[in-house]
Amino acid sequence: MELARVVGQVVATVRSKGLPHNSLLLVDMLDHEGNSTGRREVALDTIGAGEGEWVILVRGSAASRVCSPETPLDLAVVGIVDQVSSRAGTMYSKN
Amino acid sequence: MELARVVGQVVATVRSKGLPHNSLLLVDMLDHEGNSTGRREVALDTIGAGEGEWVILVRGSAASRVCSPETPLDLAVVGIVDQVSSRAGTMYSKN
Amino acid sequence: MELARVVGQVVATVRSKGLPHNSLLLVDMLDHEGNSTGRREVALDTIGAGEGEWVILVRGSAASRVCSPETPLDLAVVGIVDQVSSRAGTMYSKN
Amino acid sequence: MELARVVGQVVATVRSKGLPHNSLLLVDMLDHEGNSTGRREVALDTIGAGEGEWVILVRGSAASRVCSPETPLDLAVVGIVDQVSSRAGTMYSKN
Amino acid sequence: MELARVVGQVVATVRSKGLPHNSLLLVDMLDHEGNSTGRREVALDTIGAGEGEWVILVRGSAASRVCSPETPLDLAVVGIVDQVSSRAGTMYSKN
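Quick note, the sequences are listed as chains X, A, C, W and E, same order. Quick note, the working numbering runs 244 ahead of the 1-based positions in the first sequence. Quick note, the working numbering runs 244 ahead of the 1-based positions in the second sequence. Quick note, the working numbering runs 244 ahead of the 1-based positions in the third sequence. Quick note, the working numbering runs 244 ahead of the 1-based positions in the fourth sequence. Quick note, the working numbering runs 244 ahead of the 1-based positions in the fifth sequence.
Derived from the structure by calculation, the hints contain no laboratory data. Ideal Cβ positions, reconstructed from N, Cα and C, are used throughout, including at glycine. A hint or two may mislead.
Footprint (simulated), chain W over chain E, 3 or more residues, beta carbon under 8 angstroms [what the hints assert, rightly or not]: (1) 245-255; (2) 277-288; (3) 298-308; (4) 313-321; (5) 328-339.
Pairs of lysine-lysine, DSSO-like flavour, derived with a Cα cap of 27 angstroms [stated by the list, open to error]: (6) X:Lys-261 x W:Lys-261; (7) E:Lys-338 x W:Lys-338; (8) A:Lys-338 x C:Lys-338; (9) C:Lys-261 x E:Lys-338; (10) X:Lys-261 x A:Lys-338.
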């Protein structure tokens with residue numbers, strides 16, 4: 245799974261069949277120091293992540309399992325990060 | 245999911261079994277500022293996206309869910325973007 | 245899907261169970277101007293693409309759908325390109 | 245599969261349905277000399293890998309098979325490495 | 245599929261459930277001239293590839309089809325290469 249920061253929203257009223265009307269978040273992928281890599285993608289959110297928060301993303305056909313297996317989806321929020329810690333100390337803490 | 249801009253069409257009359265005769269769009273992947281990354285791919289479109297529009301693409305085996313699960317397909321348009329907004333303002337607006 | 249040019253053949257008589265004896269093409273991935281990216285891969289062909297032709301490739305587990313779902317395959321030719329056109333003109337035309 | 249080194253932990257109490265409460269390890273992907281590539285990801289661990297150890301990771305929808313097929317998961321530890329050896333000698337040995 | 249050269253072995257006695265005890269090969273991915281790209285991965289081998297040989301690899305969930313569909317596996321040897329040839333001549337020949 246990848247760590248990302250929520251940075252915005254994407255609005256799309258015309259959607260293909262099967263894509264649910266959950267919110268589509270604009271997310272920035274993070275590097276090993278927690279900075280943006282410059283790669284920005286769109287993730288479906290079913291658990292209420294807010295702007296500025298760090299999230300855990302699942303990529304590929306497994307992402308649809310947060311909805312139903314028939315969903316045409318390849319990136320979904322599966323967790324809101326509380327803390328990321330390594331030997332070097334705490335990289336991120338929500339509060 | 246990834247954001248892309250529709251830039252053209254691909255015509256292929258000889259197709260493998262199972263690939264439907266929907267239109268195949270030439271799309272440019274976009275970076276975090278909405279500029280083309282130089283990566284150009286081919287996406288199946290079932291919802292009528294037009295040249296110049298921004299679209300949301302699903303990659304991998306999940307893409308086929310816009311048709312049927314047996315479709316040999318790895319990139320499909322799942323949404324036509326109305327607006328992309330971040331803390332820094334509106335990145336893209338359709339009209 | 246990705247655009248590629250057929251550049252050669254791969255011969256492999258020892259194959260794992262399930263990999264069919266269709267021809268295995270050596271293909272060069274193409275960039276947005278139609279030049280080789282330097283990335284060269286091996287794609288299964290069931291529709292008779294010839295050397296020098298542009299093809300459309302499907303990647304990942306969806307590729308096996310040109311054969312049967314149990315095929316251990318991740319890259320397959322799904323179309324022979326007739327024409328690729330964008331606002332800037334015709335990028336490629338078969339004849 | 246990819247070789248990685250366990251470097252930390254990720255805590256996430258808000259999780260989407262289906263993501264099990266196994267530990268989520270922060271892992272650094274390794275290059276051909278066993279050094280960190282700078283790419284850092286999050287992997288689910290069901291076999292008790294410890295910080296500093298080298299592990300084998302499975303990516304994509306196959307990763308969920310260490311739990312159940314419905315798990316929204318794309319990176320899992322499938323082995324703890326004892327030794328990696330090549331013609332040039334032993335790259336890594338656990339003890 | 246990708247072309248790679250077998251360069252070594254990985255030993256891992258602690259494995260997650262479902263990962264079979266076939267040998268795990270250390271493989272170097274090859275560029276369009278047959279040189280190592282510097283990307284080194286771990287592939288399951290069921291057909292007896294030896295060190296120094298060129299192999300064809302299948303990536304992603306399709307890789308598990310060389311074993312059983314429930315295997316947590318994302319890279320498998322599906323062929324031992326005899327010859328790779330392009331318009332420019334023979335790139336590789338086993339003997």
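Please flag the earlier hints that this structure goes against, numbers listed from lowest up. Of the numbered hints, 5, 7 and 8 do not hold.
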